[in-house]
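Number of protein chains: 4
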Amino acid sequence: MSKLAVGIIGYGYWGPNLVRNFSASPLTEVVAIYDANPARLEPLRRTHGHLKLVNSIEEFLALRLQAVAIATPVATHAALAERCLEAGLHVVVEKPLAATTVEAQKLVELAARKGRVLMVDHTYLFSNAVRRIKELVDSGELGDLYYVDSVRINLGLFRHDVNVVWDLAPHDLSIVDHVLGGQARSISAWGCAHAQAGIEDTAYVNLDYGDHLLANFHVNWLSPVKVRQMIFAGARKSLIFNELNTTEPIKVYDHGIELGQASEEERHKLLISYRSGDIWSPHIEPGEPLQAMVTHFVECIRGKKTPLSDGQLGLRLVRMLEAATRSIRAQGGRVVLGGGTGSPRAMRPEQFAPTRAGRAAG
Amino acid sequence: MSKLAVGIIGYGYWGPNLVRNFSASPLTEVVAIYDANPARLEPLRRTHGHLKLVNSIEEFLALRLQAVAIATPVATHAALAERCLEAGLHVVVEKPLAATTVEAQKLVELAARKGRVLMVDHTYLFSNAVRRIKELVDSGELGDLYYVDSVRINLGLFRHDVNVVWDLAPHDLSIVDHVLGGQARSISAWGCAHAQAGIEDTAYVNLDYGDHLLANFHVNWLSPVKVRQMIFAGARKSLIFNELNTTEPIKVYDHGIELGQASEEERHKLLISYRSGDIWSPHIEPGEPLQAMVTHFVECIRGKKTPLSDGQLGLRLVRMLEAATRSIRAQGGRVVLGGGTGSPRAMRPEQFAPTRAGRAAG
Amino acid sequence: MSKLAVGIIGYGYWGPNLVRNFSASPLTEVVAIYDANPARLEPLRRTHGHLKLVNSIEEFLALRLQAVAIATPVATHAALAERCLEAGLHVVVEKPLAATTVEAQKLVELAARKGRVLMVDHTYLFSNAVRRIKELVDSGELGDLYYVDSVRINLGLFRHDVNVVWDLAPHDLSIVDHVLGGQARSISAWGCAHAQAGIEDTAYVNLDYGDHLLANFHVNWLSPVKVRQMIFAGARKSLIFNELNTTEPIKVYDHGIELGQASEEERHKLLISYRSGDIWSPHIEPGEPLQAMVTHFVECIRGKKTPLSDGQLGLRLVRMLEAATRSIRAQGGRVVLGGGTGSPRAMRPEQFAPTRAGRAAG
Amino acid sequence: MSKLAVGIIGYGYWGPNLVRNFSASPLTEVVAIYDANPARLEPLRRTHGHLKLVNSIEEFLALRLQAVAIATPVATHAALAERCLEAGLHVVVEKPLAATTVEAQKLVELAARKGRVLMVDHTYLFSNAVRRIKELVDSGELGDLYYVDSVRINLGLFRHDVNVVWDLAPHDLSIVDHVLGGQARSISAWGCAHAQAGIEDTAYVNLDYGDHLLANFHVNWLSPVKVRQMIFAGARKSLIFNELNTTEPIKVYDHGIELGQASEEERHKLLISYRSGDIWSPHIEPGEPLQAMVTHFVECIRGKKTPLSDGQLGLRLVRMLEAATRSIRAQGGRVVLGGGTGSPRAMRPEQFAPTRAGRAAG
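Chains as they are written, first to last, in the numbering used here: chain A, 3 to 364; chain B, 3 to 364; chain C, 3 to 364; chain D, 3 to 364.
Note: identical chains are not told apart, hence a pair may lie in one copy or across any two.
Okay, derived cross-link-like pairs now, DSSO-like style, lysine-lysine, Cα gap no bigger than 30 Å in a straight line: (1) Lys-306 x Lys-54; (2) Lys-228 x Lys-136; (3) Lys-253 x Lys-136; (4) Lys-307 x Lys-116; (5) Lys-253 x Lys-228; (6) Lys-307 x Lys-136; (7) Lys-54 x Lys-5.
Hint data in this document are derived by calculation from the structure and do not stem from the laboratory.
Chain A on its own, in the form it takes in the complex:
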């Protein structure tokens, strides 16, 4: 089967990774790279002399490629993806899909109308670690899920175009959306801008999934240490995904007791011990997630399948990012996430559903 002719738009931070992975794939051939800034393409002339390096979208589209990967600033995603879809290309866009729910919604509809694949590069979904986490959760190994807690902090890239929620939370949101399957009922967030006026660099995001399940993310560009850790806590076992732990990225903790039904003696033992059951760290096969993403993109195009991270997922995430930022600006007020096509609505106090804690207490 002939290789898919692919172009890359945007050669900044992420672009080189896309070029490397689309080049390495036996399924695709990188034909052209387009960046609005000619200086960015300059070093490529020496190392990738055989590629077409172009400076305008018209020139790029004139090449009549089959597919495109877009890795430009968020604000430009929608317009570029729209041009490419209109031109009949299959499109994979860097996360997040677009800068607003409205834009994202339009892209989803356009892709459907044109019969083209629209995918978002939520790379984590293609990692062997997240695949294993989903298997473990789906199999019931952990029991009922209680909460997901994620800490994604570091001394970071201070972006000027988006705040830390738009920069880092898409990772957590995509993983949680994928693993939990369901849809959050409401979102609430706290945040603060320290280093640059108006651009939050420190934030906490809370998702209410109903039924005693909540997810919480701490995202932060002002942390002295780099942390990438997610806890998936269940009634029987809990799982920790620490991607910076190269030897044990996933650990499964058997609680050894039935939480909430511990005897007096078990409670006392917990006080003096650090754990109460076995720990197991399954082996995760090595493999570059971005390569798996490339393979999946081609398979969806060839097999007319719906991508794991399709436009709908991309849209759901943009809606949550919008809601989180709105909540921060409203001092942490809770925002209801409708399933519909509109933007999220802020809750008025009288709309508060009985809280889970409240229900439990009542």
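The hints should help you fit chains B, C and D onto chain A, whose structure is shown.
Okay, now just chains B, C and D, sitting in the frame of chain A:
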């Protein structure tokens, strides 16, 4: 100078630590122990035969001791402390001071009227690590403080009388109150009860100190791993207090850059590196904090000094614990913390002060 | 059954732990403590007023106790244990049993003649962790054992009476003797004295068990960090015992491959990965090893059983400690360990058995 | 200045790294790659179509390049380097320089005669971490050096051509040779072959530098965990280089006490604490060591300077590798390292210099 005659009320989880430390102190002599449950005192008859072991408060007060340490369930603190203060004893109470703001307020007033020391055993304030942290923050070493983030989670003691906020957050609240000095403007919290109906075992608490300073605590009884870590992030340096890291409980991170004013090149370096400046871990002298608490208690009695963790601090903390639980029940709504004697009030949306983020953006 | 009347000799560093554990045991009663230095006993008068505190061995023996625990400097072990055995007491001696093979041998013979229990307090053998390690090795879970590697280093107590091998290696030697079961054929050691003339503070000890099995210990008082880690490497799985890792003291590593028979592809994967199989950390029940030692000592006395760490084991270890020091002084020369009663002999070059490596190569 | 025309010989495990770094350098141009196995070059035809890919040394030399980097199996180093030097090329050889002292000696002499640069790719010497370590040691920051202890173990590549000492110890030897400056007096080693007959996979190597300074390396292909850690212990401070600790590769530990002169009270504190002074982790600039090696190679060629890792250093290391293997086969016997051109000689017992421990004791 003769030793202070001390009694201990309550011989459950914490009582033995109090007996051990008041016994070891050259300044105090433990004379009597009172527990309403005679079975709890039984093992003491063999190992501490010389102590008076009593089963009623009347018997206890009849011993005419000089001071008392109370380590009973929270709900009983106020009544017991009141009896002891009325009888003219100096009192140190296990944290938190009382179960309600109203109770705590009454104790503060009573102690003032009787001219007795009322202190709360917020043990952390007497640790060499927290002392060092306060010195570092006060000296300006960190620059302007941006945020405090605390994670205090473990597979824990599932208490039946109070939720996880009342159990664990007093530690964070006392440290932050002590180190930051000022008073939070408002509090907001999310939480959920999984293991026992109506008793939250997972919670996130957020304090707004105004002026771009926020504090956030994750407290949790359902975590597979034990974590005790606080980040104090500043404009120049940041500090991490990890009390489970026995060799390096405090680490000071020099950012190496002016946050928010990083050049393009510095930003790029941050992307590929884990840090940008030196790390320094000051030596912390060993020493049991509870022993330092005992010494401080006696010094305040002898020297008529105000304790570091006096009734006023205890009262402020009870007010914040009340506010946090109220916010959880109101789905995370923000609760204003007045400086006055009343309980905290829930904010109505129209009362929202411009957010820090909002101001920054405006 | 009445409690065993026990006395403690030596109240320095370890003595208080013995007093605490023999007191806490329901099987024993601490009656008397003897220390040649009266100042050491002074603080006991206040806290343990009911105990007999004596200053001479005659006074001590006159009390006609049933058993004794000796925790004095190594040089005094033999004489004190001999007096106690002669007086008909059962004896447990702090490790190592004696200062020389000759002394140790005499104690073993005396105990046999008097029909008394002679035990050495090799505390590790009574820890739940070491019990679990022995079970895992004995069950064949690891496959054939390849090597044991121990690192036991810290910035330490600079003892004046013995070198670091005599101070720290008894722990490793007792664990290896217990877990491996067999007897080493020869020993070799390197070491150096830096801080005090003539007292090695840094040493490496190597045991040859024949059949391709070796054990190596790094013991050190001059390390900036504290490490307590043992690797038990097997053909199928390997085990790491890190007692400073409070949550995961034992980890079992499945190699995922047959070592030495890896395919070209497996080899390549190993190059880029940190591991190749699952890791499992069994839960270890909490429990103080010294308490288990006390219980075992009483059970051996009552049931006329041979202790896990009997005089024979103590003798074997003293022989190895002697051999190690001799090897250090001989620049690392290999010393043959006979099974007999004599001291170890240095090998002459022509006595070198074909090395395991040599045999394999030949 | 025009770029240096470079060829690469050997395109196995390390070759691609050399191609990447010589290509990325602004000082060099990769012109040709030679590998005796044409299959290895096949994938290069697609990605590096502009390079000359050749299958014989004659073809390679006919290109009349200026310099060559050789990354082939150790046994072939000498013959290939000799051909290249004879042809007038400057040569950098993968470590170790050659398979025998005799071969290495000949290469050093040939390079001198031909006036060409002969360098060994001991990559660590070009890392910013090792540069910093040398600065810290040279400045006297650590005080007199007591010992170097290195652990370099992992579940590894089971090489068929050389044992684990030849595979891993060159790293330790090159760092120690570079940082300590002096020359070891003797070497001793223990080792064992488990997975493949005659090829040691587990070894301990001990170097005696005289004057109470020793270096010890544990190298191992059969470890369940990957460790890359070196301790440089000094009289005043000690340093740990842990290259797997991405955030703190170098830590400097202030002992806080004068080792060997600690008071009784200080000794007691050490017993209960994990450390006694501050810890400082200097920031290490990021930067790929192999790129720095390429730059250094070119600078030595252009400026007629002696490389940091010149042939003499390469020769010293081969001599030590030979001596270590000889010692393993002789059951750990000590081998004297002469400074001359010959191979190391085994010590006869009567030649034993008084040991450092012995001297100290005498």
